[in-house]
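Using the sequences and the accompanying hints, generate a full structural model.
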Amino acid sequence: MACRICCDQHRLALALVKPHGSIAWRAGYDEWGNVLWEENPESLAQLIRLPGQQYDEETGLYYNRHRYYNALLGRYITQDPIGWRGEWGLYTYPLNPLKYIDPLGLYIQNALGPFVSSPGVQAELTKSMAEYSEAAKPVSMRPDGTPWGYGCGDEKSDWYVPDGLFGADFMPACRTHDKCYGTLGSNKAYCDKQPRDNIVLACNKSLKGIPGLGETLSNCYAAAGIYQLTVERLGKDAYDAAQQEAK
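Residue numbering for the sequence shown follows our numbering, starting at 3 and increasing by one per position.
Worth flagging that the hints you see were computed from the coordinates, not collected in a lab.
Do not take every clue at face value.
Calculated pairs, DSS-like style, for lysine-lysine (alpha carbon to alpha carbon, straight line, at most 30 Å) [to be verified]:
(1) 210 x 181
(2) 249 x 238
(3) 207 x 195
(4) 210 x 195
(5) 158 x 129
(6) 207 x 190
(7) 249 x 181
(8) 238 x 158
Note that the coordinates shown come from a computational prediction; the quantities given were computed from them, not determined experimentally.
Rendered as structure tokens:
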């Protein structure tokens, strides 16, 4: 039976429509591609999910071209085959699935690019930005009452970079790193080694020696390496700004 596929802005299939207009299948999803409800009067096998994904009925996972995606976790269960050239998290699905997609399972793409680039949307955006620039700016703070950037991310990334994982508190390590950046004349390479070493200490304090948590401890160590790699690759602007402020 030939049907037309009706999709949302992510090209996620919402309905199959017969030539005469009746609906043969339809479903609703959450942001991560989990099926919330389904109407399937024709008993069709509609296995297409988010772009590039096909539902595997045997495992309950989504095959995403180069690896498998777990919609319940919102992350891949196999590493990115292109390694760090994709994303800094080897198992990470786009952190904002409302805006980004990953049809190849390799790197994110902007799902809304063609839409937001259209002249009509750009005109409304320009108008809204002009109105916003004249409005009073609300003061946004972290849940703990400190400014954004006080945690393990900078002002732009602090809202999604974890201050701890697996029960280990990374905040002392992140604050030590920030203070090192802010010490006039400090060496960036030296500062960037501190997060890994101090996060490993935090992992040991919370997890080492506890039966059954060996794999969790290993994952915590891996996170320490990721944090170090991130500041080494992306921390230059923050280091330069902190050094300038310290003068």
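**OP:** Decide if the proposed pair is consistent with the structure: residue 249 and residue 181, CA atoms, cutoff 30 Å inclusive.
**Re:** holds, 14 Å
**OP:** Mind checking the alpha carbons of residue 210 and residue 181 for me, to see if they're no more than 30 Å apart?
**Re:** holds, 27 Å
Original post:
Given the hint that residue 207 pairs with residue 190, does the C-alpha gap stay at or below 30 Å?
Top reply: Holds, because 27 Å separates the two Cα atoms, which is no more than 30 Å.
**OP:** Could you grab the alpha-carbon distance between residue 158 and residue 129 and see if it respects the 30 Å cut-off?
**Re:** Judged against 30 Å, a Cα distance of about 24 Å means the pair holds.
**OP:** Mind checking the alpha carbons of residue 249 and residue 238 for me, to see if they're no more than 30 Å apart?
**Re:** Since the Cα atoms of residue 249 and residue 238 sit roughly 17 Å apart, the hinted pair holds (cutoff 30 Å).
**OP:** With a cut-off of 30 Å on the C-alpha distance, tell me whether residue 207 and residue 195 pass.
**Re:** At roughly 19 Å apart (the allowed maximum being 30 Å), residue 195 and residue 207 satisfy the hint.
**OP:** Verify the proposed pairing of residue 238 with residue 158, using a straight-line Cα cut of 30 Å.
**Re:** holds, 15 Å
Original post:
Given the hinted pair residue 210 and residue 195, is their alpha-carbon gap at most 30 Å?
Top reply: holds, 21 Å
In terms of the numbered hints stated before, the structure departs from none.
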